[in-house]
Amino acid sequence: MNKFWISILAIFASTLLTTAVFADSPHFLFADNSVSTSTGALTTSFKDAGLGTGTTSIQITLSVKTATAVYQCFNNGGNHPKAGNKETVSTSLTKPGTFPVRNGQTTGSLTVGPPGPGSFTCPSGQTLFLQSATYSGISVSDATGNTFAATPDPISTGPIHVSV
Numbered sequence: 001m002n003k004f005w006i007s008i009l010a011i012f013a014s015t016l017l018t019t020a021v022f023a024d025s026p027h028f029l030f031a032d033n034s035v036s037t038s039t040g041a042l043t044t045s046f047k048d049a050g051l052g053t054g055t056t057s058i059q060i061t062l063s064v065k066t067a068t069a070v071y072q073c074f075n076n077g078g079n080h081p082k083a084g085n086k087e088t089v090s091t092s093l094t095k096p097g098t099f100p101v102r103n104g105q106t107t108g109s110l111t112v113g114p115p116g117p118g119s120f121t122c123p124s125g126q127t128l129f130l131q132s133a134t135y136s137g138i139s140v141s142d143a144t145g146n147t148f149a150a151t152p153d154p155i156s157t158g159p160i161h162v163s164v
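So for the sequence shown, the working numbering puts the first residue at 1; every next one is plus one.
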């Protein structure tokens, strides 16, 4: 009878070990992009699973290969008097964040951008406005080295008019 119980315990132990191996297989289930029309910022919401039950938190990084913002000056009448009073700024962006892991998974969101106007300013009597923001090459990655392309990509605000 001892051999019977030893065999049962061996099968039970191997089943537990096999389950643990499969549980530690990090992968993103989704990464969805949206852009705010009131700020021009990109927000990527995600779910990362297969992180194992021993993990309590994980760092996720949002990366944008190209973020482009268009700024333009407008007078008090709401007109843009000179075509030269317009600036396009492009850069790459990254934003890390640490998220709690529960039951081997985490969900969250990270927000970046838009790129600032840099040294571009408006002449006296005019106000600077963000006119559009576009993001491309968007991905999320976790501390295990797992990377996932976020969608849609590219994504843009379309025409907006946000005072800076």
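Hints listed in this document are in silico derivations from the structure and should not be mistaken for laboratory results.
Among the hints, a few may not be true.
[Unchecked claim] Pairs of lysine-lysine, DSBU-like flavour, derived with a Cα cap of 30 angstroms:
| hint | residue 1 | residue 2 |
| --- | --- | --- |
| 1 | Lys95 | Lys82 |
| 2 | Lys82 | Lys47 |
| 3 | Lys47 | Lys86 |
| 4 | Lys65 | Lys47 |
[Said to hold, decoys possible] So the derived label-pair ranges between C-beta atoms look like this:
| hint | residue 1 | residue 2 | range |
| --- | --- | --- | --- |
| 5 | Ser34 | Asn76 | 40 to 48 angstroms |
| 6 | Pro100 | Thr43 | 37 to 45 angstroms |
| 7 | Thr107 | Lys82 | 40 to 48 angstroms |
We treat Cβ as the ideally placed atom computed from N, Cα and C, and that holds for glycine.
### Query
Within a Cα-Cα threshold of 30 angstroms, do Lys65 and Lys47 meet the stated pairing?
Cα-Cα ~21 angstroms, so holds.
### Pairwise hint evaluation, Lys86 against Lys47, where the allowed Cα distance is 30 angstroms at most
Violated, at roughly 38 angstroms.
### Message
For Lys95 and Lys82, compute the direct alpha-carbon distance and say whether it is at most 30 angstroms.
### Response
35 angstroms, violated
### Task
Determine whether the Cβ-Cβ distance between Ser34 and Asn76 falls within the hinted range of 40 to 48 angstroms.
33 angstroms Cβ-Cβ, so the 40 to 48 angstroms window is violated.
#### Entry: Status of the given 40 to 48 angstroms range, CB of Lys82 versus CB of Thr107
Given a distance of about 47 angstroms, which is inside 40 to 48 angstroms, the answer is holds.
### Query
Keeping to a limit of 30 angstroms between CA atoms, is the pair of Lys82 and Lys47 held or broken?
46 angstroms, violated
#### Entry: Pro100 versus Thr43 beta-carbon gap, inside 37 to 45 angstroms or not
Because 19 angstroms falls outside the window, the suggested range is violated.
Of the numbered hints stated above, those contradicted by the structure are hints 1, 2, 3, 5, 6, listed in ascending order.
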